[in-house]
Every structure is written in C-alpha cells, then in structure tokens.
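Engineer: Sequences listed follow chains A and Y, in order. At position 230 of the first sequence the residue is numbered 230 (the working numbering), and the sequence of numbers has no breaks. At position 236 of the second sequence the residue is numbered 236 (the working numbering), and the sequence of numbers has no breaks.
Worth flagging that the hints you see were computed from the coordinates, not collected in a lab. Heads up, some of the hints might be wrong.
The list treats identical chains as interchangeable, and a pair is accepted whether it falls inside one copy or across any two copies.
Quick list of in silico lysine-lysine cross-link-like pairs, DSS-like style, CA-CA up to 25 angstroms [what the hints assert, rightly or not]: (1) LYS15 <-> LYS152; (2) LYS203 <-> LYS152; (3) LYS15 <-> LYS108; (4) LYS152 <-> LYS67; (5) LYS15 <-> LYS203; (6) LYS15 <-> LYS271; (7) LYS271 <-> LYS67; (8) LYS67 <-> LYS15; (9) LYS271 <-> LYS152.
None of the values given here were measured: they were computed from a predicted structure.
The primary structure of each chain is shown beneath.
2 protein chains.
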Amino acid sequence: MQINISPQLQAIIRKRCQDTGHTPEEIVAIALRGYLEIDEETLFQTSTIGALVEGVYRGDLTIAELKNYGDFGLGTFNDLDGEMVVLDGQVWQLRSDGQAYPVADEVKTPFATVTFWQADWMATLAQPLNYEELQRYLDTLLPSDNIFYAIKISGQFRHVRTRTIERQDQPTRLVEAAARQPVHEFQSVQGDLIGFWTPSYMKTVNVPGYHFHFLSADRQRGGHVLDVCIERVDIGIDDTPRLRVALPETQEFLAANLTRDTQQELHQAEK
Amino acid sequence: MQINISPQLQAIIRKRCQDTGHTPEEIVAIALRGYLEIDEETLFQTSTIGALVEGVYRGDLTIAELKNYGDFGLGTFNDLDGEMVVLDGQVWQLRSDGQAYPVADEVKTPFATVTFWQADWMATLAQPLNYEELQRYLDTLLPSDNIFYAIKISGQFRHVRTRTIERQDQPTRLVEAAARQPVHEFQSVQGDLIGFWTPSYMKTVNVPGYHFHFLSADRQRGGHVLDVCIERVDIGIDDTPRLRVALPETQEFLAANLTRDTQQELHQAEK
Chain A
1 MQINISPQLQ AIIRKRCQDT GHTPEEIVAI ALRGYLEIDE ETLFQTSTIG ALVEGVYRGD
61 LTIAELKNYG DFGLGTFNDL DGEMVVLDGQ VWQLRSDGQA YPVADEVKTP FATVTFWQAD
121 WMATLAQPLN YEELQRYLDT LLPSDNIFYA IKISGQFRHV RTRTIERQDQ PTRLVEAAAR
181 QPVHEFQSVQ GDLIGFWTPS YMKTVNVPGY HFHFLSADRQ RGGHVLDVCI ERVDIGIDDT
241 PRLRVALPET QEFLAANLTR DTQQELHQAE K
Chain Y
1 MQINISPQLQ AIIRKRCQDT GHTPEEIVAI ALRGYLEIDE ETLFQTSTIG ALVEGVYRGD
61 LTIAELKNYG DFGLGTFNDL DGEMVVLDGQ VWQLRSDGQA YPVADEVKTP FATVTFWQAD
121 WMATLAQPLN YEELQRYLDT LLPSDNIFYA IKISGQFRHV RTRTIERQDQ PTRLVEAAAR
181 QPVHEFQSVQ GDLIGFWTPS YMKTVNVPGY HFHFLSADRQ RGGHVLDVCI ERVDIGIDDT
241 PRLRVALPET QEFLAANLTR DTQQELHQAE K
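Looking at chain A on its own, in the form it has when it is part of the complex (with noise of 0.2 angstroms):
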C-alpha cells in the first residue's frame, strides 16, 4: 500500500522519531493501530454531562470532526437544537417537532457521544417488556458495571415515548430546558434505540446507567427515549473499555462553574 503523507505530518513524525526514537514505520503504526483497532473499543465523546446540565450549550467540535471517531451514537446539537442519532455513519436530528433531519458537516454539537459499531454479541427477545424491564434484562447481559457498553436495539416496538428538546436561544439551565420539551408517543414501529451503558463512576462525565435515543426504521421520526415497550427486539452489545474526551476549547466551558454536584438535575433532565 502506498500512501502520501503531507509534509506538514512528515515534519511532525520527524520531530517524533528524533524524540522517541521511533523509525516513521513505527510511528505510522502506532497511530494505525490506535485509531483503527483501539478506536472500534473507544467511546469518543465532546465536553461533559456536568457542562451541559450547567448550561454550556455551544461547543467547537463540527459533525464532520464527529465522524471521524464513530459512526454510531447520540447528543445534541449547539444551542440544544434538537436530539442527535449516529447510525451507520449517518447523523439525523430529530427536532422537537418530532421529526428527523439530515444534519450538514459544519454543524456544530456541545455534548456528543459515538463509537465505531462492531457488536460483540447479539440477542434476541421476543416478549413485550416495558423499559424497566428491558434495562433489568440488559442488565443480565453486561458482564461487568465498570466499562462502557454501545447498545443498538433494534425491531418491533409496541409503544415509544420520547422528548425532543427546543432549541434554547437564552441561556437556561438543562433542567428548565427539558421541563419544556415535546413529548411524542409512537406506537406499532419498527426502528431502533441507539445508546449506551456509562459506568456510575462516570457521572460527571456522561449520563450514568443506560440512555437511548430511538429513530424509527423509516428515518423520519424520533428523540430521546422516556419510555418504550419492546414487542420484538434484537440486541447487539459492543464492549467500549476506552474513553476520549475531547473538552471545548471555548471560552464557555473553560469559564463555567463545574464544581456543582448536579446529579439530582441531570437525573430530572433524562428520565
């Protein structure tokens, strides 16, 4: 394989065989293995849940910079202009009139998170539970608490309930913004629920336990999941046990009180 690399890269990868005495091979494949091999095990996210529940609703991270590190996840948008789906490799967003949108490469997003897909293992189910039950059976299925897990649910649902949020052009705390949001019910659809499992320990970082976002088989409808019956599913779990965060270089987040223990308002915000 020949690949041309731009001088601008090849000045870097010099100064680096000088300083670790690394040859230009070895530093190629360094950087190979950890964006290709590593990156399908790695959870890429943008800023915090603690910054978002503050209200820091601008971020510098653009969809196309996004991409880059997954091609499956959710967030929102800047300015919290709706839900953000990631399914294979395509970004939707769903606004709060409960519809979804192609989304353009030079949008930007305050809080996102993605992963490259590669299911570790599937399951199926084919029962109606509703979404206590459903979260009480992935339960059984997560061999350990303490890494994160992406978790595509896809199939026949009876029933989804979901919030869009507003776009906020004041500035207001998460929690008032979501005490406003749309609420739309969708029964009898096929679709998927597109999440993740996050470690309690991880808290201030991303939304502990399980959160979902729902686009339905169509690509036309869907939003942050508050409630679902499942009718009949398949479950694909991918094992994520490394994190990149990417914190806003903006003068909004470096500024913001993030000392709070805001918990009890995120708990409010998602559920």
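Chain A is already provided as a structure; the job is to place chain Y on it using the hints.
Structural biologist: Then chain Y, alone, in the frame of chain A:
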C-alpha cells in the same frame, strides 16, 4: 515519505474505507493527526484513581505501551511497587527506599498518567514558597479550572518531603497501604516536580487538584510529593484539553465495586 503498512492493518484500512467512504490516504492522515497532533494536548491514563483507591493494583498496560502515549507523567506499578516518574521519555521507579531505578519495558502499571510534554507557557519563581503557597501561585497561572494541565517545576528546592509507597503482596485498600509508607526528606536539592492539575469534576477518574512526584536532578531520589519549599524554579505549563482513558480488561478491574464515594480515602492516601 515511503511507509510500509502491515497486511493486517491494510485489511482494516480497506474495511474502514468501505464503511466510511474515506480513501486510505485520508484514514492514515486522520490517524496521524489524532496520534501526533492532538495527542500533544491529550492526557492518557490507564485505569482510574477510584479503582486504585479500591485496591485494584494490577493492570494490563506495559511500560513499553505507556511510552507510546507520552514522555512525561507519573503513576505507580503493579502491586503498588513504588512511585512512577516519566520524564524526557524515560521511566523511573521510586522504590520505598527513596531511590530511583530504571524500569524494564515489560513491567506493568495499574495506574499511570502521561502526555507528550510541550510547554504552552513558562514562568520563573525566585522566592521561598511552601507547598500551599506554591499551589496558590499556580492557581493564578491556570486560566481555567475545567481542563487538565501538565506541570513541570524545575530548579532549586530548599526542602522536599516525599513518600514512596511499598510493594503490597497482600490485598489492601490504598488508604491502609499509604498509612505505612516510608517518608523521605531532601534538603537543598535540585530536581523536578512532575505533575498535573485535574478538574474537580474528574475526581473519580484522576487525583483532583495538583498531584506531583519529585525526581532529583541526579536522577537518584524522589517520590510522591507531600511538601516542598522552593528556592528558585522554572515553571512550565502544558494545556491538556483532551483525555484518553484505557480501562483495564482484567477480571480484578471488571469485578471491582466502583460505586463507593472514595474521596475521603483518596485525600487521606494522597495528601
């Protein structure tokens, strides 16, 4: 620049190209930018301080692998066998005798934090300050509490007090192991404080606030810093707004109870 890429990595690159629509050139460029450029602003750590406090003293990351993620940092070794200092790409083991030893590549670490050192700005301080006064001075330098900083303080010290934890052959909690640790006093010594600032919202992930290890200029002595009195030092600060966490995939880590609040025990063990 001509680079040979192994057949295994070529196969993964081809698959990723199919999945994402990127060319191989683009994949290599994304990987290199991620590894070389962004990593200079990235804190890499293995495991979490919460797991260390709970007594998870065996990790799966070797010193050889750790060096791929940084040339500056600190940590400990499997079974808590002393304090780690990484400086200029070399790894030192500060054993319970207070002496510094070079470390073999195959040694493993249960907790370590590194970055590629690149000072974003420097300051010089030439007045006798104790550790608390030094920390208050550093507070005035850091523009935000909300990102990580790598900090190197080099020069002449009137006094440094360190502890170096002893190898634990029996399961213990960190707070118990730390209670028995040998303390060392160095008078009128040249050397480096190697350390980090960690935002308080990351307190389950790494040591919140300032955390320094000391290594003497003759690379013979040092340890975890309990107290200092500086005489004349140069301070370098490296903004680090990105974090990579590699969670150990050992049974010990996966099975640990990491839900307790360990702040009190961490404070007791580290201060």
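Engineer: Where does the structure disagree with the numbered hints, that is, which hint numbers, in rising order?
Structural biologist: Violated: hints 3, 5, 6 and 7.
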